[in-house]
Amino acid sequence: EHDKDFIRSSENLIDIGPKAGIEGGKLLYNHKTYEFFKEEHPESLTWKLLKEEPDYKILSRNRAGNGKNLNIINAEANNLKNINVNFKLGCLNVVCGVSGAGKSSLVEQTLARAIRQKLNRTKEIPGKCESIEGFEFINKIIDIDQSPIGRTPRSNPATYTKLFDHIRTLFAEQPLAKKRGWKKNRFSFNVKGGRCEHCQGAGVQEIGMHFLNNISVPCPHCNGKRFNDKTLEVNYNGKNIFDVLELSIKEALDFFSEEKKIIRILTVLLDLGLGYVKLGQPSTTLSGGEAQRVKLAGELAKPDTGFTLYILDEPATGLHLYDISQLLKALHKLVDNGNTVIIIEHHPQIIFSADHILELGPGSGDFGGKIIFSGTANEMLDSNNSIYKNSIFSKLKPEFNKDLIKKDFIELENVSTHNLKNISLKIPHNKLTVITGVSGSGKSSLAFDTIFAEGHKRFTESLSTYARRFMKNLPQPQFDKLTGLSPTIAISQRTRSNNPRSTVGTFTEIYDLLRLLFARVTTNNNSKRRTLSNEFSFNHESGACPVCKGLGNQLKSDPVKIVTNPEKSLIDGAMNGTKTGKFYGDPWGQHIAILKAVGEELNLDFSKSWNKLSLEEKRIAMYGTGEKIYHVNWQFKRKSREGEHKWQTQWSGFCGYIEEEYQRKHQDKRGAAMLPLFSSIKCDTCLGSGLKKEILNYKINGINIFEMASLSISKLFHYLSDLNSDKYKLSPTQKRIIAEIAPLIQNKLQKLVNAGLSYLSIARKTDSLSGGELQRLRLAVHSGGNLTGVTYILDEPTIGLHPRDTEKMIATLKELSDIGNTVLVVEHDKDMISSADHLIELGPGAGTAGGNILANCAADNLKELENIQTYQYINKKKKMYQIAHRSSDEIAFMIQGARANNLKNIDVTIYKNLITSITGVSGSGKSSLLFDVLYYSYKNKRISNADSIIGLDQFNDVVLIDQSPIAKSSVSTPATFSGVFDHIRKLFASTDQAGNSGFKHSHFSYLNKAGQCPNCKGLGYKKVSMDFLADVQLECEVCHGKRYTDEVLEIEYNGENIFNVLSMTISESTEFFIENKKISKYLQILEEVGLGYLALGQPLNTLSGGENQRLKLAKALLNSTKNQQVLYLLDEPTTGLHFADISRLLKLLEKIREAGNTIIVVEHNTDMIKASDWIIDLGPEGGVEGGYLVASCTPEELKKIDKSITGKYL
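The sequence shown begins at 34 in my numbering and counts up one residue at a time.
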């Protein structure tokens, strides 16, 4: 830290210096902070600069400028409030204000973009303002921010400042270089000739790690020296070109003391405090502040015009006061030469050195964007209006050696984020607090969008502006006051890992320990070689399978997915269901011509339907006939062209051709479009382990690392215990090593067991986990880290948990709070609510009907809780909707020999026109039965993972309603997905206003060019590429997130435009469109499934799994036809629902059943289970100990079955 108040308020101080680089590295002080300022430390620059308060009145040079101004009239970009601003030309101007006040909106988006557009003819769209005056006084604009000076090690201070050009010229003038006829290019590591060609002058070679970051190692040929040996024979003053690049700037100043051109640039770099930086230091290793000063040096070294505008963004970030003084000298030099400098800054040393100061505020976001102060530094110091000045001088100076004042609560005042109604509350520290209430009541708005968002904002404010660009922007929380907040960590279900190399073991670092164990303990009968830990890693090239590159699986085209119409022949449309399939199945195309030739040669009839082909015929059609050559006579038709083409060729099969095409296209978007035709299958070479074959020969007690990692977590725990017993014959050395490493692994495994994940293996890919499983995995990692003083915020961690596992989850959360953390949980589970230390209930309704505090008290305060809806459901005062149970002897279908995943060849009977719940502990096989056996068989029109399934054909449709995301982009919304938006658009198009403007319903689609904002193409935001990091979305500066053109937004229906309608919740829009029967039909069903609180235009990629599922259910009901028999398959439909919402869901499910349909649900919720007509209970445990049929009976009968764990909780 460099901030003086932060330093003074600390308890202990370590001061290192006295300067930087070779002049630093010495320990100057390491003791109590308050004693540091009592004694003299003449060697410490920190002590010299902080021992007294600075006199800010003497900092400014008070220049009047050249009498000309840059004037911005009515600036209104982002949050700017139509402000009029003037910057003094020929002066040092500073813009200050709190984070989010509008500084960048004014300086960068409005002024800089407009000048660049004018002078450099860039295509940037400047921030909105009426006009800018004074362009004619500027002939050049230079932005000096903290972005890297280059993105590869090839860029360095010497190349960026053009210093290296002069050095190369000097080397080319040396006698040996002249003798050999070498020019300056010979001494460039970016040009062939003088550089080392093995590394192409980089000095390092990158080793590709496939999906991981590449690693760089010194080039073994030039030993990192970048140049070939011949080039390095040329010396100047005893040093070759590589030696020179290794000099620090200060060393180089002495070395080149006779070279004026070189000295000029080096002096500028030294004056900016960069004397310790090496000339050839890779740009990728420079900090943001260093990069900014190198850029500034590059500009200072150039001859300037005196009419240049320099813009700097927080240049004091990362700088010591000494370095700031050096920076200010350089900036003053620019201004003294007649140029103009505008700086965005927070540091008082720079602000009060300005000739002209502009302060924006008073707050951030919507509360900012106004001019608080405009004038000289001395005028600000005398002003009572400046918030910045008042904050500088009204700070309570910290008293040394005092304990930090710790609050017992997180205290919030007047919170109005989203639908919260200016609520004020206290949340106790170091307790388990549950926030509950009906869906849409404001729980996430309080926990995530206010408390976590504010914690996130406070963290990012400690970073430079440049670094903040890489952070995800969260919407500004709305409140008057929030105190007592400790660092926040959000563990949600919505952030998914899509890295195919991540496993439970790598995510938790258990696999790292297992690799270490195998490297130290294993034996290989075929080799005495000692192995390294990396050789057991599928993410390291020394261990990864060379075929699948460590992934353990390969993408293969799947005939089941290619043949979409099996009742047709391959020649006549069997593959027409996809674009790729239609291309290869074109009856006039070359591939069908080859297939016909194959049929003639081998006497096979491919004109038969796919269903009627033999297995051998299907194999030949899909996988080809090897190297056999066929004579092909192709009768082709292409639009107006027809003809005949004869040639000889092999037949690779449709799968072969599709895989070849994918290999050509897989690195761009065209390849992504082909992925639906592929399935991931186990690698034939490594059998799914991801490891080289020879690595799998290393074993502990006959088990290799993949086999051990594939054990369930509970089995692995016990196996590690047994290893150190007399059960296995191991040497004393092996046992000693196991005794050290195994407990470390078991400690992490126990955390996973406590999180209800005992049925997983550490070899399980994280991208295959459900949202709930991934959240519990993250929780297990955090609970094993022993962090204290943290506020953890969780989103329904009990989702997907059996009641038995919920008990373990509660114990984990209690442990977190007991060691000194604050745990906030958004939750509906009655056991979690009953176990809380503190309860907050929001409501009473959803959306605008919610957002009030109904309860905020200790969990044992029964008096305050007795009238609260949630508590009334828990203590049975309020009853859940009771579905009238029915029985049926009519069999819907019978499954025999179900064996997907851990299912043990079970036989299951499902009865027609009933609600059937599939139950069991986590990992017992419920999803395997519903998805991998039942639905997969229906979808693929063939029996999968079972011996037989009888009866599925009696349903008109089988509808799967799971929790998988509906959309990955922000384009789809509840309005578009449900279909109601089509009717809303037609309604707007029917207004007189639209008719007079010539607008059709297409104008009201943000996906259509006719009405969408041309700047953001209807998205409402612009995506900014951040190179190697995730892209950042910034609100569109033209439509301000409204997606449409101003002309379209002028069209209104009942006083509201199309954007306002999309911003309404479903409940609000139900009332708004009450007189339109078509639209009301859609909205009422969305209400019925409990989604009334969602906005019509809310992006679907922001929905939870439960919300996705209920939206799919609504669409299925909207698409249903009377008198059809439908089989509905639902995956934990109670996810994310309050008791009142579950009651509503039960009523809806009964309505669906009464319409003659059959419903099967996978469920843990006991209210849903008890409401079911029939139960299929699987278990008894999870993983390998599950997969058996425990019971097939009514809920009442299940209670009496001792071996049913589910029955005990009913």
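Any given hint could turn out to be false.
No more than 25 Å apart at the CA atoms, straight line, and that leaves these computed lysine-lysine pairs for PhoX-like [said to hold, decoys possible]: (1) K272 / K195; (2) K212 / K272; (3) K272 / K211; (4) K594 / K945; (5) K59 / K90; (6) K937 / K1232; (7) K514 / K454; (8) K910 / K945; (9) K101 / K161; (10) K594 / K612; (11) K1110 / K1180.
What the hints contain is simulated information worked out from the structure, not anything from laboratory work.
Status of each hint after checking the structure:
Between K272 and K195 the alpha-carbon distance is near 20 Å, which keeps this suggested pair within the 25 Å criterion. For the proposed pair K212 and K272, the alpha carbon gap of about 18 Å is at most 25 Å, so the pair holds. Restraint check: the Cα-Cα separation between K272 and K211 comes to about 17 Å, which is no more than 25 Å; the hinted pair holds. Restraint check for K594 and K945: not satisfied, since their Cα atoms lie roughly 30 Å apart, outside the 25 Å limit.
For the given pair, K59 sits about 34 Å from K90 by alpha-carbon distance, which is inconsistent with the 25 Å threshold. Restraint check: the Cα-Cα separation between K937 and K1232 comes to about 23 Å, which is no more than 25 Å; the hinted pair holds. For the hint linking K514 to K454, the alpha-carbon distance of about 15 Å falls within 25 Å, and the restraint holds. Taking the CA atoms of K910 and K945, the gap is near 34 Å; set against the 25 Å cutoff, the hint is violated.
At most 25 Å may separate the alpha-carbon atoms for a hinted pair to count; K101 and K161 meet this at roughly 23 Å. Between the alpha carbons of K594 and K612 the distance comes to roughly 12 Å, so the proposed pair stays at or under 25 Å and holds. For the proposed pair K1110 and K1180, the alpha carbon gap of about 23 Å is at most 25 Å, so the pair holds.
In this structure, the earlier hints numbered 4, 5, 8 are contradicted, and the remaining ones agree with it.
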